[in-house]
Amino acid sequence: MKLTKEEARLGRSQVEKIAKLSRLELTEQEKELYANQLTKVLDYVDKLKSVDTENVPITAQVTGLENVYRGDDIDQCDFQKDLINQSTENEDNLIKTKSVF
Amino acid sequence: MELNQLTIREVHEKLQSGEISSLDLVNACIERIKKTDKKLHCFLATDFDNAIKQAKEVDKKIKKGGKLKILEGIPCGIKDLILTKGITTTASSKMLENYVPLFDATVIKRLKDNGAIILGKHNCDAWGHGGSTENSDYGPSHNPWDLERVPGGSSGGSAASTASDQVIYSLGTDTGGSIRCPASHCGCVGFKPTYGRVPRFGTIAMGSSLDTIGPIAKCVDDAAIILNIIAGLDPKDSTTLPKEVPDYTKMKDKGVKGLTIGLPKEAFGKGLQPEVKSLMQIAIRDLEKLGAKFKEVSLKYLDYGLACYYIIMPSEVSSNLGRYDGIRYGHQSKEADNLFEIYTKSRAEGFGAEAKRRIMIGTYVLSAGYYDAYYKKAMQVRTLIKEDFEKVLSEVDLILMPTSPRPAFKIGENVNDPLTMYLEDIYTVTINMAGVPAASIPCGFVNNLPVGMQLIAKQFGEEKIFQAAYAYEAINGWNRIKPKI
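Chains as they are written, first to last, in the working numbering: chain A, -11 to 89; chain B, 4 to 488.
Everything labelled a hint here was simulated from the structure, so no lab data went into it.
Heads up, the beta-carbon is just placed ideally off N, CA and C, and yes, glycines get one too.
Careful: at least some of the hints might be erroneous.
Straight line, CA to CA, 35 Å or less: simulated DSBU-like cross-link-like pairs of lysine-lysine [to be verified]:
(1) A:K84 to B:K37
(2) B:K115 to A:K69
(3) B:K97 to A:K84
(4) B:K56 to A:K69
(5) A:K86 to B:K359
(6) B:K115 to B:K257
(7) A:K19 to B:K260
(8) A:K28 to B:K303
(9) B:K239 to A:K8
(10) A:K37 to B:K273
(11) B:K337 to A:K19
(12) A:K69 to B:K253
(13) B:K280 to B:K337
(14) B:K42 to B:K56
(15) B:K37 to A:K37
(16) B:K487 to B:K253
(17) B:K298 to A:K35
(18) B:K280 to A:K37
(19) B:K337 to B:K303
(20) B:K298 to B:K255
(21) B:K487 to B:K97
(22) B:K97 to A:K8
(23) B:K280 to B:K257
(24) B:K273 to A:K35
(25) B:K88 to B:K59
(26) A:K69 to A:K19
(27) B:K115 to B:K253
(28) A:K37 to B:K394
(29) B:K59 to B:K112
(30) B:K337 to A:K5
(31) A:K35 to B:K379
(32) B:K280 to B:K72
(33) A:K35 to B:K413
(34) B:K42 to B:K70
(35) B:K42 to A:K37
Only some residues are given here: those of chain B computed to face chain A with a beta carbon under 7 Å [to be verified]:
(36) S241
(37) P245
(38) V248
(39) P249
(40) I285
I would like the entire structure built from these sequences, with the hints used as guidance.
Printed below as a string of structure tokens:
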């Protein structure tokens, strides 16, 4: 089912905004497709609104672990060069990229 | 019976006694892969030369009378989400097309420490996103029972490969059903352990609060052998627990007398295909005959699991996939003129449609103004789901329900409708929300397509699942029926 512009919760401009935040370049075709598909998913997950969650704590860590510490020990890494070489461009053991400013 | 059709324990005994050689076994698997993989497309990368070299070493050891470790000389396949040193690991995504890991995941290190031989990497939905392998950037795998159908997913290549005897066993990952769903659709035993039971270090992250790693095997005993090896504390994964790992193979002859198994009424109603329901009822009768008691229970929040999952999982996905910036490793666009375009173009070219959808859903529900309404709400509902399971599993030893609402569907049937595709996960995702262990055990066929049932225990209650699964398998042997390919 295709949603009209009015029905879609996510219009093209919102999809553009989310795509920018997500660092994804989208084609015009993709923008329309995702506006429709994401709207359907968001409509579906709306069913959570009917659950009473007043005073219910959140669960982020499901087995109940808290604050697991370890010593701040220095370990040798013997493949630094290979790691740098996994980048597309590098020079003098440094990763090369476009300038930030 | 062909060598490649044997189970781990059978192979181990035959290798140790000198009845068969590791080289013959490895060659049997390689021949099988060469013969069938054009049709099945289970493998993205292979490492046959190394496998043969390793097999020859094992054979020398046997000749000298050396004692073999349980996995020594036995070939397996690994889901492409798990890092294998020196073997290309892509997560089935174009983003990592040429990525060769410099280290092994903890689970791989543990397999290798026990002598495992890795034949190659198994196709899956890219990044684990999907239940059919249709989201692989390299094309879907096919179900060995019907090549026009999906093998399930996301660990579909692993299940199809194991079911068709290309390997003796495989490792998959499960964030919302990705071990259990393909195991069910291909007729394998798939075991998703408790969250934190098996270390995630070196496994490409999908939903970090949900991700688990486990075996896809030809029988319950093989799954127990693998879990014995891969489970346990790892200093490199701070969510693993310092709990002792019991010997799961000891559950073999325990039987089910005295066990009470709960049947959640919400899982047997609308949406479940009647033929699949009948198979569940037959399995229940079998277990009853063996001495298990059954009781109807209620998982009130089961129906909310999927909605909850499709908020929490994409949130974590959007965060985890943020690291693919096109700079340090992975695909980099050649069209970028500035830094921002390196990000946006590399990610546009490197990610497939499903990864993009999930990144955007996650980014949206985490963004300012929507966080409370979506993410926080979902984490609260997650608490209710977890408590729901805790309550029921304090009254019964296990829960039994279907793994999937229907057998494997046809390739292409759902691709244009992501939401319908998501609904296939209805019985599996909630288990990951609660962090409890669950296995899919073959329990029969509908129109010559395998169907699995799910056995679920409380957190760290894996032994009870094995106890019931061993007993059930011993009187049925559905897993011994092989696809004709």
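Any hints from earlier that this structure breaks? Give me their numbers in increasing order, please.
-> 1, 7, 12, 13, 15, 19, 26, 32, 34, 35, 37, 38, 39, 40
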